[in-house]
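Go ahead and model the full structure; you've got the sequences and the hints to work with.
There are 6 protein chains.
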Amino acid sequence: MTARLTHLDDTGAAHMVDVGDKSVTQRTAVAEGHVTMLPETLALIRQGLAKKGDVIATARIAGIMAAKRTHELIPLCHPLLLTKVAVEIEADEALPGLRITATARVSGQTGVEMEALTAVSVACLTVYDMAKAVDRGMVIGGIRLLEKSGGKSGPWQAA
Amino acid sequence: MTARLTHLDDTGAAHMVDVGDKSVTQRTAVAEGHVTMLPETLALIRQGLAKKGDVIATARIAGIMAAKRTHELIPLCHPLLLTKVAVEIEADEALPGLRITATARVSGQTGVEMEALTAVSVACLTVYDMAKAVDRGMVIGGIRLLEKSGGKSGPWQAA
Amino acid sequence: MTARLTHLDDTGAAHMVDVGDKSVTQRTAVAEGHVTMLPETLALIRQGLAKKGDVIATARIAGIMAAKRTHELIPLCHPLLLTKVAVEIEADEALPGLRITATARVSGQTGVEMEALTAVSVACLTVYDMAKAVDRGMVIGGIRLLEKSGGKSGPWQAA
Amino acid sequence: MTARLTHLDDTGAAHMVDVGDKSVTQRTAVAEGHVTMLPETLALIRQGLAKKGDVIATARIAGIMAAKRTHELIPLCHPLLLTKVAVEIEADEALPGLRITATARVSGQTGVEMEALTAVSVACLTVYDMAKAVDRGMVIGGIRLLEKSGGKSGPWQAA
Amino acid sequence: MTARLTHLDDTGAAHMVDVGDKSVTQRTAVAEGHVTMLPETLALIRQGLAKKGDVIATARIAGIMAAKRTHELIPLCHPLLLTKVAVEIEADEALPGLRITATARVSGQTGVEMEALTAVSVACLTVYDMAKAVDRGMVIGGIRLLEKSGGKSGPWQAA
Amino acid sequence: MTARLTHLDDTGAAHMVDVGDKSVTQRTAVAEGHVTMLPETLALIRQGLAKKGDVIATARIAGIMAAKRTHELIPLCHPLLLTKVAVEIEADEALPGLRITATARVSGQTGVEMEALTAVSVACLTVYDMAKAVDRGMVIGGIRLLEKSGGKSGPWQAA
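Residue numbers (the numbering used here), protein chains in the order written: chain A, 1 to 159; chain B, 1 to 159; chain C, 1 to 159; chain D, 1 to 159; chain E, 1 to 159; chain F, 1 to 159.
Hints are computed from structural coordinates only; laboratory data are not their basis.
One should not assume that every hint holds.
To be verified - Over the 10 Å line for every Cβ pair with chain F, so calculated as not near, a few chain E residues: (1) 22; (2) 65; (3) 88; (4) 96; (5) 109; (6) 126; (7) 140.
What the hints assert, rightly or not - Simulated pairs of lysine-lysine, DSSO-like, Cα-Cα distance not exceeding 27 Å: (8) A:84 to D:152; (9) E:22 to B:84; (10) A:22 to A:84; (11) A:84 to D:84; (12) B:22 to C:22; (13) B:152 to E:22.
Glycine included, each C-beta is placed from N, C-alpha and C at the ideal position.
Below you can see the structure in the form of structure tokens.
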């Protein structure tokens, strides 16, 4: 395996890799994750959803806003001019819990995988925060990249 | 079940709950999570670890710095004067991957669960970012509160 | 009139006034403002409100989050441990438009007027942003302090 | 009226609209607002102005810096590479108070109205902050877009 | 020498040291630094100073605002409720250049040395930024702690 | 000397200069600085370096992250899409202390001198923070631009 961790230079020191010579292409990434909770917790959130939908709405906004700050949080991420961020949140009785999907898009020299993953992570954390008073045992999991397109490495889909 | 989602007021609108009447106590929270990856990816990170340790070091710093910005990311979290944040990262061949634990402490009127969970989440995201060039299929999971102490609700431990 | 602008020292240079000797008291501030718009714009927002309420919900979250960043935006404001922020948004057919009220609370050495005013301002800006595609002529106005309590100067109410 | 609130998708959920297919054009926006105050307060500020000008200078800097953070404050705003921000502040005896105008410019895929409006709002808030010790009754108002140019919708001027 | 670098734990990993058991005391720190420049550059700045003073005023504001964000910039710094920040900037023909001094104060469990040093550093950088078009060879130097008081280690003065 | 301080307009008021008409070129800047310390302090850091390298690693990460926030710290800096940031830190027994060099690169309408200088400054501050418990007398100095390329003014090298 000749792969290298591109964030480490020859001496192993961390650096922001130079993307200045990459071409500007349309790049999209979709990520997902979920929050597993007690059935009663999900019911409470859905009732809120039925009335004002604020847990869902707040988590969605938090995810979108966090995507825009990805480069502040992840040390070696490049700043990006995101052209789109969308966060979808759905109740899943089978978990039971909420499933969260985020899509990020940019026309730039580097991909938006981290922006989509950060949106999902912060939306999950916001759900935890808003429901933790009734259920401290919630677990956030399954945060992964679903697909990406654009850039030299081309399209990629999770198995 | 008479529990309420404390972030929603009587009309279901989101608000920052008033903690002004809570007593100032010493509060601690410990959270964990993990990044599952290919065995080769873990080996590459560990080799880096053997030389300069920068993936681990970078993720640790990212987690600590993110904990301090929790109230900026999570809409209804209160600002806090964190007195301690520590992030531990260990390789686990059985996953295979990295296990991340974060401890947050404060002397304040509200708990630090979200700070510990945010530190874990951003440390996980940083690992993903630094190794994604060789392994886009990594999955972040198992992010949960392990224990907390302090405050009116007292100590709590994950089952 | 012997009043002084407390942010200017003897030479007129700006500085953060020393509040280190002020006593820690419970301090509250309430501020208000409004966005005047076309009747059709208000109707569209209210329809959204009837369905998912997202303009209102988004503006409320934006206001709360901005309150926590007041000291980053206003150069000479002190950082504060806000214990509560609440933002209320109501439709007013007479404007026509939305009326926004924010309450901020802290137990600290300096007041929270700026936090309440910042919450109102950013909530108003968010309404503008979300409706500007249909109505660029909206006007934000009437942003003022309604009342404050706590601190050496004691309670104050708008005339 | 067939207009839609572009920030709400078909189900009414908030999202950052996709501007990836918009053309990159030179875009400019000018916004204004004012702070109404007691004549004595204006006199004090102007005296400061005569000496060191620091209230004006501080508010101007605060407005410029806030414009750069618009996308952090307004949930659904896109990040932008502002090429210019200017804030003008003038005393107006007739108000009495200060009139603030901001100009923002970008070469990008979306407009800079929110950046200009945010600059005005935060400059107004800064004036309030610096003079509030002598005049809590100041009112911020008249915050509106004066004109914009560039983009598909073309030039627009306030009536 | 038995001193330890307190930010490194037993295994050498970075962490935010636990200050939860330190007593809350009044703490002050004063730091200084300077920007050396061509005599002509200093003259231009002073002329500006004579008219509107904006280089000096802008650098002062930048330093004050940066002090409030020290814990965001310096990875292992604790968040603090600064009660005072003041930045003084004086022309020094002998350098030639500007001498900058910053004072920070807090009532807290950890010192404010980094806040004072960060204020000086960012004020110096701002001077460089504003004058670099006429003098790229400016040098920032002499950034050091002048004195501190409060805390277990007590008062300290630079030799 | 007909030079002007480009950040000041005709009336001396600060503003972000309009770079909208500048051409987009590849721009690079390299800056340097150093932290002078006691020989024992350097030895302690190097021992840490021999074991886990965390002082160096932490300062490097802090510098890289700060470069991305330059436009938030320096009032009149333009936001930029940095394509590369690298920070090198070397021990120098002759100082004694650490020498820090930062390189920043962008494809944009304005230069990256401030980003490189900010990276150096914050890396130096981080070294100070991590070693201050054993050596409060450290001095940060020699922060200057080494070279820049790109843009209308073309290449520049420190004398």
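A quick look at each hint next to the structure:
no.: 1; hint: 22; result: holds (13 Å)
no.: 2; hint: 65; result: violated (8 Å)
no.: 3; hint: 88; result: holds (18 Å)
no.: 4; hint: 96; result: holds (14 Å)
no.: 5; hint: 109; result: holds (15 Å)
no.: 6; hint: 126; result: violated (5 Å)
no.: 7; hint: 140; result: violated (4 Å)
no.: 8; hint: A:84 to D:152; result: holds (18 Å)
no.: 9; hint: E:22 to B:84; result: holds (12 Å)
no.: 10; hint: A:22 to A:84; result: holds (21 Å)
no.: 11; hint: A:84 to D:84; result: holds (24 Å)
no.: 12; hint: B:22 to C:22; result: holds (22 Å)
no.: 13; hint: B:152 to E:22; result: holds (23 Å)
In terms of the numbered hints stated before, the structure departs from hints 2, 6 and 7, listed from lowest to highest.
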